[in-house]
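Colleague: Sequence:
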Amino acid sequence: MDLTSRRAPAPLDLLDRRIVAALQVDGRASWRLVAETLGEPERTVTRRGHRLLAEGLVRVVGKHVRGTSLIARAQAAPGMLRMSTQAWAGRADSTFVYLLSGVAGAVAELYCPPARMASLVVDELPGTPGVTWCATSPVLHYYKTVHEWQPGILSDDEAGALRTGAGAVPQVPPSNDDTRLSPTDQVLLRALAEDGRQTYDELSRAARVSESTARRRVEALRESGQVYIRAVVDPAVMGLPVHALLWLRTPPAHVAEVGTALAASPYVRYASGLLGEFQLLVEVAVPTLGALQELITTSDWAGHVQGLETSLVIETLKSSQVVYA
252 MDLTSRRAPA
262 PLDLLDRRIV
272 AALQVDGRAS
282 WRLVAETLGE
292 PERTVTRRGH
302 RLLAEGLVRV
312 VGKHVRGTSL
322 IARAQAAPGM
332 LRMSTQAWAG
342 RADSTFVYLL
352 SGVAGAVAEL
362 YCPPARMASL
372 VVDELPGTPG
382 VTWCATSPVL
392 HYYKTVHEWQ
402 PGILSDDEAG
412 ALRTGAGAVP
422 QVPPSNDDTR
432 LSPTDQVLLR
442 ALAEDGRQTY
452 DELSRAARVS
462 ESTARRRVEA
472 LRESGQVYIR
482 AVVDPAVMGL
492 PVHALLWLRT
502 PPAHVAEVGT
512 ALAASPYVRY
522 ASGLLGEFQL
532 LVEVAVPTLG
542 ALQELITTSD
552 WAGHVQGLET
562 SLVIETLKSS
572 QVVYA
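Just so we're aligned: the sequence shown equals residues 252 to 576 in the working numbering.
Worth flagging that the hints you see were computed from the coordinates, not collected in a lab. A couple of the hints might just be wrong.
As the list claims (entries may be wrong) - Listed next, with one range per pair, are the computed distances between beta-carbon atoms: (1) Arg441 x Pro365: 17 to 27 Å; (2) Thr383 x Gly403: 38 to 48 Å; (3) Gly527 x Arg333: 19 to 29 Å; (4) Asp374 x Leu265: 43 to 53 Å.
Think of the CB as a built atom: it goes at the ideal place given N, C-alpha and C, for glycine as much as any other residue.
Use the sequences and the hints to build the structure in full.
Modeller: Structure (structure tokens):
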């Protein structure tokens with residue numbers, strides 16, 4: 252089964268999950284390093300890793316960090332929601348697109364340079380065929396993004412051993428302007444977006460530069476936080492089949508405290524501060540509905556939340572810029 256399947260995937264066994272978790276730390280880590288870190292035979296890790304990639308259970312991609320974003324929610328005419336949101340998923344500027352339970356039938360995150368906000372918010376998104384209602388909220392701050400998510404499978408020492416080659420933790424640059432990148436860098440970023448584990452020889456041929464230049468430019472892009480390379484995986488295969496979004500209303504004085512506390516949980520994949528009706532948007536993946544109930548009712552941060560709306564993610568159309576059919 253591959254990432255384009257709509258069926259809920261079965262959980263992987265523990266070693267496969269540990270291999271995936273290693274690729275979440277550094278998608279370009281060698282199988283030798285992964286094996287040494289996990290304390291497993293290199294041949295076993297290599298065989299399993301190749302199988303996970305070949306079967307599409309995990310995909311390694313390079314994601315270019317491009318700047319300011321907004322969150323869009325949508326409702327659509329009966330029978331039109333999937334078609335409308337597939338159009339959003341097909342946009343180059345969308346990061347994730349989910350179909351949801353609840354009133355807002357879909358949500359998306361999109362890159363949005365300030366100069367394009369009026370066009371995107373007033374014309375493009377609400378003008379998508381089938382959309383009957385659309386609300387947008389600019390992202391003010393990221394407390395955690397999916398590239399930072401670790402599902403608690405690796406120890407801190409194991410993650411640290413893998414992180415030495417992973418480059419800087421990406422920070423959002425001040426501009427979405429890709430023209431500031433050299434033509435070579437732009438080609439390399441496109442190639443890494445297709446397959447983050449391409450060899451430097453393959454990357455050099457794509458960019459028409461020497462292998463040493465390709466290596467140097469990729470390392471520079473990673474170290475500067477312009478790109479991160481990691482595994483894209485359905486949380487269900489990691490033993491976390493309940494996927495939900497939490498929309499939180501929080502007093503301004505407690506937004507940072509709540510966002511930081513949420514980001515520390517291994518169940519939290521994403522947490523951002525928003526401008527608008529809700530102050531925080533949080534994406535979680537948990538093993539059961541009971542675990543979700545416990546997270547939202549017994550956590551210390553819950554005492555600072557004035558209102559909470561929870562939506563189950565019932566289908567992923569796009570995640571980490573990877574489109575699901």
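Colleague: Does each hint hold? Answer for all of them.
Modeller: Going down the list of hints, with the structure as the test:
| no. | hint | verdict |
| --- | --- | --- |
| 1 | Arg441 x Pro365: 17 to 27 Å | holds, 25 Å |
| 2 | Thr383 x Gly403: 38 to 48 Å | holds, 40 Å |
| 3 | Gly527 x Arg333: 19 to 29 Å | holds, 25 Å |
| 4 | Asp374 x Leu265: 43 to 53 Å | holds, 49 Å |
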